[in-house]
Amino acid sequence: MAHARNPFDPAPPRIGVRLVPWLSVMAGSMLTLWPYIATFPILPPCGLMMLLGWRLMRPEVFRIWAPLPLGLFDDLLSGQPLGSAMLTWTLCFFAIDMIDQRTVFRDFWQDWLLAGGSIGFCLLAGRYFASPFGAHVDTVLLLQAVISILLFPVAARICGWLDRRREGK
Amino acid sequence: MAPTRNRRPGFSRRAQYGLFLSYVIAVALALVAAVLLALSALDPPAFAALRATVAEATTPISSGMAGMGRWFASIPSGIGSYIGVRDENERLKKQIADEHALIMRARALSYDNRRLMALLRLRERIDNPVVAARLVSSSASSTRRTAMLNAGFWQGVREGQPVRGPDGLIGRILETGPNTARVLLLADPDSKVPVRRTRDGLSAIVAGRGDGLLEITADTASANFQPGDMFVTTGAGGIYAPGVPVARVVGLTHDGALARGFAQASSLDWALVQHAFMPQPAQGAPLP
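Which chain is which? The protein sequence lines are G and X, in order. To convert, note that position 53 of the first sequence is 53 in this note's numbering; the numbers rise steadily by one, no gaps. Position in the second sequence (from 1) plus 1000 gives the number in this note's numbering.
For the record, the hints were derived by calculation from the structure and aren't laboratory data. One thing to keep in mind: the hints can contain errors.
[Claimed, not checked] Ranges between beta-carbon positions, derived for each pair: (1) X:A1015 <-> G:R106: 22 to 30 Å; (2) G:W161 <-> X:N1089: 48 to 56 Å; (3) G:V146 <-> X:G1078: 38 to 46 Å; (4) G:I99 <-> X:H1254: 43 to 51 Å; (5) G:R106 <-> X:W1154: 52 to 60 Å; (6) G:W109 <-> X:P1045: 42 to 50 Å; (7) G:L124 <-> X:E1099: 55 to 63 Å; (8) G:P132 <-> X:R1105: 47 to 55 Å; (9) G:R164 <-> X:R1070: 33 to 41 Å.
[Stated by the list, open to error] Covered stretches of chain X, as calculated for chain G (at least 3 residues, CB under 8 Å): (10) 1133-1139; (11) 1184-1196.
Glycine included, each C-beta is placed from N, C-alpha and C at the ideal position.
The whole structure should be built from the sequences, with the hints applied where relevant.
Next comes the structure, spelled out in structure tokens:
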């Protein structure tokens, strides 16, 4: 959530520093360019995982509308119908924003739970947008979701590392 | 850490309106996204041009990485062949001597075959491939099964053309860009190919399941599928030329069979784009 800058606050970060979260999410989406012809959906939605990593760790780096352009970029690369990541990622942001207003206490386990729910929702919704109901993709989709949720701490660590570098510490 | 519970970003009206506006923008754009999604569900090729533009920029990246991968993969075999070159030379000489008689017989048969075909006035369709290119990346995180081909309409690739590999059918062209094309793989849930069994000519349909396997259904009750049955394209439907190997049965289901495609598409192999077997007449052409 954006806060107004107090006159006594430090200067806002440079543009390059502000672009780091955006570029890291786009890099996650671009992992699908890896030269491998997959026979079933095996790659986790890395763009979404990076986005959630940033959102849950540093809520102020992304505006509430940020998942729309990022989702558009992901849709153009992933082969999903255009609009599916745009819509589901934004709905995740709304949900996380609402949960943020209501929780008193927050630690990484809760972040992981939120991220797991979001990843599961996005994968499942994407499956119903992209493939007919009768397609036999549910088993592999479950596998993909479990792998993605288990790999979320890695994405969170990458975000944390980038955040440290970003702030020059 | 406890998150801030106060949505108000201070006393500044400007900041308050800015925050409110960002929520308005987000909701409006989410509605736009829902409309885009509905449009692409109703008309899948709607945003093909947009995707092709992005693919035009990203395919060289995949292609470069695939090239590097091939280069590294070729090192061990290069070393191995350098060491084994003497033995191989002797072996090949012996093989040539052994197969000489066989080749002479095959030449004679081929000549006979040509002569008999001419006698029967069978005109073989000459299928010059459109282009040979590599598949460079795929939709690895999506439930759709598509791959990017490193050639587009500047190379003569058109929508609907079949794509085959050295071992069998890979799929067909879904969308084209100037230098890239998206290929619908056989394993995609939307892919359907008319096939016939090699041993008795039983006609059937091969459909993708989405999990890497294919499903074969026949239109007769007494299909009697056996594991190991092989299926090739029929040419029905006008896209795929007849006789291209498609799939081999690996298991049975209650009303058909499970199969695995012959062509295991990988970025290391060439894919051959061919002309549609019987191209559809152009839209708007006068029908007799």
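Going through the hints against the structure:
1. With their beta carbons about 24 Å apart, X:A1015 and G:R106 fall inside the hinted range of 22 to 30 Å.
2. The hint said 48 to 56 Å for the Cβ distance between G:W161 and X:N1089, and at roughly 54 Å that hint holds.
3. At roughly 40 Å, the beta carbons of G:V146 and X:G1078 sit within the given window of 38 to 46 Å.
4. Judged by the Cβ atoms, the range 43 to 51 Å given for G:I99 and X:H1254 holds: they are separated by roughly 45 Å.
5. The hinted range of 52 to 60 Å is satisfied by G:R106 and X:W1154, whose Cβ atoms lie roughly 53 Å apart.
6. G:W109 and X:P1045 have their C-beta atoms about 44 Å apart, which keeps the hinted 42 to 50 Å range intact.
7. Remark: the range hint 55 to 63 Å for G:L124 to X:E1099 is upheld by a beta-carbon distance near 57 Å.
8. In this structure the supplied range 47 to 55 Å holds for G:P132 paired with X:R1105, their Cβ-Cβ distance being about 51 Å.
9. The hint said 33 to 41 Å for the Cβ distance between G:R164 and X:R1070, and at roughly 37 Å that hint holds.
10. Interface restraint, the region 1133-1139 of chain X with chain G: holds (5 residues with C-beta to C-beta distance below 8 Å; minimum three).
11. Under a criterion of three residues with beta carbons nearer than 8 Å to beta carbons of chain G, the stated coverage of the region 1184-1196 of chain X is upheld, 4 such residues being counted.
When held up to the earlier numbered hints, the structure conflicts with none and fits them all.
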